[in-house]
Every structure is written in C-alpha cells, then in structure tokens.
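**Q** Sequence:
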Amino acid sequence: MERKSFEKHKRTSVFDVPIITCKLTHKAFVERNYKELKTLNPKLPILIRECSGVESQLWARYDLGVEKGIKLEGLSEAQIFKALEDLVNI
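Numbering (the UniProt record's numbering), first residue to last: 1 to 90.
Heads up, some of the hints might be wrong.
[As the list claims (entries may be wrong)] Straight-line alpha carbon distances no greater than 27 Å define the calculated BS3-like cross-link-like pairs of lysine-lysine that follow:
| hint | residue 1 | residue 2 |
| --- | --- | --- |
| 1 | Lys-71 | Lys-82 |
| 2 | Lys-82 | Lys-23 |
| 3 | Lys-35 | Lys-23 |
| 4 | Lys-27 | Lys-71 |
| 5 | Lys-35 | Lys-68 |
| 6 | Lys-43 | Lys-27 |
| 7 | Lys-82 | Lys-68 |
| 8 | Lys-35 | Lys-82 |
| 9 | Lys-38 | Lys-82 |
| 10 | Lys-27 | Lys-68 |
| 11 | Lys-43 | Lys-71 |
| 12 | Lys-23 | Lys-38 |
| 13 | Lys-68 | Lys-43 |
| 14 | Lys-68 | Lys-38 |
| 15 | Lys-43 | Lys-82 |
| 16 | Lys-71 | Lys-23 |
| 17 | Lys-27 | Lys-82 |
| 18 | Lys-38 | Lys-71 |
| 19 | Lys-68 | Lys-23 |
| 20 | Lys-35 | Lys-71 |
| 21 | Lys-27 | Lys-38 |
No wet-lab data here; the hints were simulated from the structure.
Please build the complete structure, drawing on both the sequences and the hints.
**A** Laid out in structure tokens, this is it:
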C-alpha cells in the first residue's frame, strides 16, 4: 500500500484524527496500521473509539473548530487509508 503522502505529516492545522469503529474490518485496519501511522506521525493524535450500534467513521479536526469526516461502511482497507490521506492532506 502506498503511504508516502501520509508520511511525516507536516500540516499543523490538523489537531487530531478520531476513528470510530464498530465493524471488525475497520477494527482490523486500526490494529494493522496504528503503529506505523504513529511512528510516521508521532505528534498527530490518532484517537480510537470502539462503539456498538453506530456507523464506523473517520474524522479530522482542523483549526477554528472545522471538522471533516467520512463514513467507512463498505470501504476496503486501501480505501480507508486513502480516505485518511485525503482528510489529513486537505
């Protein structure tokens, strides 16, 4: 999987990246990729929230209280990673 665009995130306007997981596939994405994401971006908070009865979602919080997110339902691991890159590199 190509990860260069997410490596060493330099944008300071992203405050954190919450990931809300409900499905096993989304939880598996977090388990497989969290360590690498934190290694590449040690100062970027990546918050994991495991819930039941909600749709899995990925969010990015920016300056001035701006939040952007996407629903992860039906996305493959590669698509989830691409969505993460897109949110962080806006």
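**Q** Each hint: holds or not?
**A** Hint check results:
no. : hint              : in the structure
1   : Lys-71 <-> Lys-82 : holds, 13 Å
2   : Lys-82 <-> Lys-23 : holds, 18 Å
3   : Lys-35 <-> Lys-23 : holds, 20 Å
4   : Lys-27 <-> Lys-71 : holds, 14 Å
5   : Lys-35 <-> Lys-68 : holds, 23 Å
6   : Lys-43 <-> Lys-27 : holds, 22 Å
7   : Lys-82 <-> Lys-68 : holds, 15 Å
8   : Lys-35 <-> Lys-82 : holds, 17 Å
9   : Lys-38 <-> Lys-82 : holds, 16 Å
10  : Lys-27 <-> Lys-68 : holds, 20 Å
11  : Lys-43 <-> Lys-71 : holds, 25 Å
12  : Lys-23 <-> Lys-38 : holds, 22 Å
13  : Lys-68 <-> Lys-43 : holds, 20 Å
14  : Lys-68 <-> Lys-38 : holds, 20 Å
15  : Lys-43 <-> Lys-82 : holds, 20 Å
16  : Lys-71 <-> Lys-23 : holds, 12 Å
17  : Lys-27 <-> Lys-82 : holds, 16 Å
18  : Lys-38 <-> Lys-71 : holds, 22 Å
19  : Lys-68 <-> Lys-23 : holds, 21 Å
20  : Lys-35 <-> Lys-71 : holds, 22 Å
21  : Lys-27 <-> Lys-38 : holds, 16 Å
Checked against the numbered hints listed earlier, the structure breaks none of them; every hint is satisfied.
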